[in-house]
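K.L.:
Sequence:
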Amino acid sequence: RGNKADALGTGQLMIILACMGILIGGPNNIVTSAVAADLAEHPSIRGNKAALGTVVGLINGSGSFVAALGQIAVPYITDALGWPALWYFMLIATIISCILMLPKIYSELFGVDAPIATAKPGYAAVASAESKA
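Note that the working numbering numbers the sequence shown so that position 85 is 85, with each residue one more than the last.
None of these hints come from the bench; they were simulated from the model.
Since the structure is predicted, the reported quantities are computational estimates derived from the model, not experimental observations.
Just so it is clear, CB atoms sit at the ideal spot from N, CA and C, and this is done for glycine as well.
Mixed in with the good hints there might be a few duds.
Claimed, not checked - Computed spacing ranges between beta-carbons, pair by pair:
| # | residue 1 | residue 2 | range |
| --- | --- | --- | --- |
| 1 | P121 | L23 | 15 to 21 angstroms |
| 2 | R46 | Y88 | 17 to 23 angstroms |
| 3 | G63 | Y106 | 18 to 24 angstroms |
| 4 | A67 | G47 | 40 to 46 angstroms |
| 5 | L23 | G61 | 18 to 24 angstroms |
| 6 | A50 | Y76 | 54 to 60 angstroms |
| 7 | P43 | A93 | 28 to 34 angstroms |
| 8 | R46 | W83 | 44 to 50 angstroms |
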């Protein structure tokens, strides 16, 4: 029993993969930009471009790292469990990411802001422009 993907030509697969890349890459860039815009308004980072750049870099870096881990997992999943298992893996990853976004979605929909975290004793705090003045 062959996979349906085996019956597709190279051109068709390339078009499908390009569409998948656009549909995944576009939202990824939008979410990253939205997070950066939200962080720019946060009182602990407002006015501190170095802190904002560090946080945005960590967000992008962690996203790229997890994406790389996913690509490393692809051959192991497909070899051990077949192609259908890969689609379930992607579905589960999407569900987990949606669950992790629920607090932000809730705060955006209902206007509830998370409390501002204060630095714990022994830890450094990021100084904002207001606290420096």
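K.L.:
The hint says 28 to 34 angstroms between P43 and A93; measuring C-beta to C-beta, is that right?
P.N.:
holds (33 angstroms)
K.L.:
Does the Cβ distance between P121 and L23 fall inside 15 to 21 angstroms?
P.N.:
This hint is violated: roughly 46 angstroms between Cβ atoms.
K.L.:
Taking the Cβ atom of G63 and the Cβ atom of Y106, is their distance within the range 18 to 24 angstroms?
P.N.:
holds (22 angstroms)
K.L.:
Holds or violated: 54 to 60 angstroms for the Cβ distance of A50 and Y76?
P.N.:
violated (39 angstroms)
K.L.:
Assuming the hint says 18 to 24 angstroms, is it satisfied by the Cβ distance from L23 to G61 or not?
P.N.:
With a Cβ separation near 23 angstroms, L23 and G61 satisfy 18 to 24 angstroms, so the hint holds.
K.L.:
Looking only at beta-carbon atoms, does the pair R46, W83 fall within the given range of 44 to 50 angstroms?
P.N.:
holds (48 angstroms)
K.L.:
Does the Cβ distance between R46 and Y88 fall inside 17 to 23 angstroms?
P.N.:
This hint is violated: roughly 42 angstroms between Cβ atoms.
K.L.:
Are A67 and G47 spaced within 40 to 46 angstroms by their CB atoms?
P.N.:
This hint is violated: roughly 32 angstroms between Cβ atoms.
Violated hints, in rising order: 1, 2, 4, 6; the structure is consistent with all others.
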